[in-house]
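Engineer: Put chain B with the ligand on the given structure of chain A with help from the hints.
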Amino acid sequence: MAGQGLGRIDDTVLVREAQRGNRAAFEELVRHYDQAVLRLAMHLTGSEHEAQDIYQDAFLKAYKSVGNFRFECSFYTWIYRIVTNLCLDHLRKKQVRKEDAPVATDPTGEQYDVLEQVPDGRAGANPERDLMRRELGTRISSALEKLTPRERMVFELKHYHGLKLRTVGEVLNTTEETAKNTLFRATQKLRGALADMR
Amino acid sequence: MKCDWVKENILLYVYNELPDDARYELEQHLPRCTDCTAELKSSRKFHALLSELPVEEPSPNLVAASRMRLQEALETTKQGSFWHRLIFDPAAWLRQVRFAPALAAAIFIVGFAGGIATTYKLVGGSGSVSSMISGTPSQPAESSITGIQSISQEPGSNQVTIKYNTVSTQETQGSLNDQRIQQLLLFAARNNYNSGVRMDSVDLLTQQPNDTHVREALVYALRYDSNPGVRLKALDGLGAYVKSDPRVRDAVLEALMNDANPGVRTEALHLLDPVRADSSVRAVLQRLAENDQNQYIKAQARNMLAQLPEFD
Ligand SMILES: [Zn+2]
Chain A
8 MAGQGLGRID
18 DTVLVREAQR
28 GNRAAFEELV
38 RHYDQAVLRL
48 AMHLTGSEHE
58 AQDIYQDAFL
68 KAYKSVGNFR
78 FECSFYTWIY
88 RIVTNLCLDH
98 LRKKQVRKED
108 APVATDPTGE
118 QYDVLEQVPD
128 GRAGANPERD
138 LMRRELGTRI
148 SSALEKLTPR
158 ERMVFELKHY
168 HGLKLRTVGE
178 VLNTTEETAK
188 NTLFRATQKL
198 RGALADMR
Chain B
68 MKCDWVKENI
78 LLYVYNELPD
88 DARYELEQHL
98 PRCTDCTAEL
108 KSSRKFHALL
118 SELPVEEPSP
128 NLVAASRMRL
138 QEALETTKQG
148 SFWHRLIFDP
158 AAWLRQVRFA
168 PALAAAIFIV
178 GFAGGIATTY
188 KLVGGSGSVS
198 SMISGTPSQP
208 AESSITGIQS
218 ISQEPGSNQV
228 TIKYNTVSTQ
238 ETQGSLNDQR
248 IQQLLLFAAR
258 NNYNSGVRMD
268 SVDLLTQQPN
278 DTHVREALVY
288 ALRYDSNPGV
298 RLKALDGLGA
308 YVKSDPRVRD
318 AVLEALMNDA
328 NPGVRTEALH
338 LLDPVRADSS
348 VRAVLQRLAE
358 NDQNQYIKAQ
368 ARNMLAQLPE
378 FD
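Residue numbers (the numbering used here), protein chains in the order written: chain A, 8 to 205; chain B, 68 to 379.
Since the hints were derived computationally from the structure, they do not count as laboratory data.
Small disclaimer: the values here were computed from a predicted structure and weren't measured.
Positions of the beta carbon are idealized from the N, C-alpha and C atoms, including for glycine.
Accuracy of the hints is not assured; some may be wrong.
Label pairs and their in silico Cβ distance ranges [unchecked claim]: (1) Ser109/B to Gly53/A: 24 to 34 angstroms; (2) Asn325/B to Thr19/A: 25 to 35 angstroms; (3) His114/B to Glu152/A: 15 to 25 angstroms; (4) Glu183/A to Tyr363/B: 35 to 45 angstroms; (5) Ala366/B to His56/A: 29 to 39 angstroms; (6) Asp303/B to Gln195/A: 17 to 27 angstroms; (7) Arg99/A to His114/B: 48 to 58 angstroms; (8) Thr19/A to Thr279/B: 12 to 22 angstroms; (9) Asn128/B to Gly169/A: 50 to 60 angstroms; (10) His56/A to Gln246/B: 42 to 52 angstroms; (11) Gly199/A to Arg369/B: 51 to 61 angstroms; (12) His114/B to Glu183/A: 38 to 48 angstroms.
So here's chain A without its partners, still in its complex pose:
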């Protein structure tokens, strides 16, 4: 998404203007990144509503603190840091909620998570054709949810959004090596969880 097209206004110029309090410049910056932010947040949360909240929090935070941006990294990295931090918070909260969620016992004596049984409410336009796909999607989603928030984030940025591991490391304030190891761990867990599907 970043850096495409001829004649695109340079981020650096816009950032400097935003730092001087120019709101139009800040809004132009928002437009450079906001679709990518929504895409990421929607995929992570599975909800437009929650994605919108993350969007709002992220850009308000960016607006308030853009004065402290020192051009030590690209603005792209900076804004992604804010967004991924908010997403990580979101994932952590969700995990806590899941741990507190009522656990029931099914007839075979195995415990299952009640919340996981609730349909997600997104009705497909063509239920018959979509059924398989949705079942698959649900399986993948619940496998992803079993990752730790950090593993999930690394996997999300690498697999679904195609960021380079070096960038993933930068965004998550860690090294490329650590990002790589986290990706390995996440992949192993996912392969385990989805082993019967291959």
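Structural biologist: Here is chain B with the ligand on its own, set in the frame of chain A:
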């Protein structure tokens, strides 16, 4: 030994993250080893399986709604510490224009010359900020344009006269195809305090909407200009591009949904008629047909939807 190394790196290979030499080594090994080939196949399969969970693009509605909500919040939000450390008065700065001259000057130089280094400096005493742009000494507008006074076109020709201020007012003449003239027009369209001048420059720019910079300036005017007449002019210039340029289509869609002026919205609606079958356009039309405040737009959106063939 070799196989262990390959298995450790196969995931990076699938994700295109192996350095060239390692990739070469791995590719040399694969045809000679069935185990590792099987491992690669299984990694690829896993990769494809995970990709069955699609990454959806946010709908134009969601994008527009999110932007609107953010804009509302920004109205009442103060920026942090850096803001207060500034030596000039930011309120006065904001009152001047919706888009500051320093930025506009930088924009068109960057836009045309591409990547010229820009530096800013604070001008002491007066408390205002001016931009210093290095390089290309031949540009008339380079460091110190403070505003465009007037723009006029010779009747029956494409000669344009532009009066602009640097420290003192200057005047320049040239053909519409002249890059220097175009720069000044772009500058004026984005930047001038006087809406009549913005109107003139947008009007002239619409004569060359093929130029991507011009189109960008028109999109900018459509989004940000405070004067509905200027926005309408910009819309007219963009109309021919709703089919071929998705950015133009998005901007027109945005105007249709959010513009404060019903005339601008109506015009946007008409311009979108040729692309009404486009999914993003259709989604917006459906929303308008359901619950738009403006009865005319509501009815027109219904009409346009009714003319669409049923599918999906
Ligand atoms: Zn081998």
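Engineer: Which of the listed hints are not met by the structure?
Structural biologist: 4, 6, 7, 9, 12
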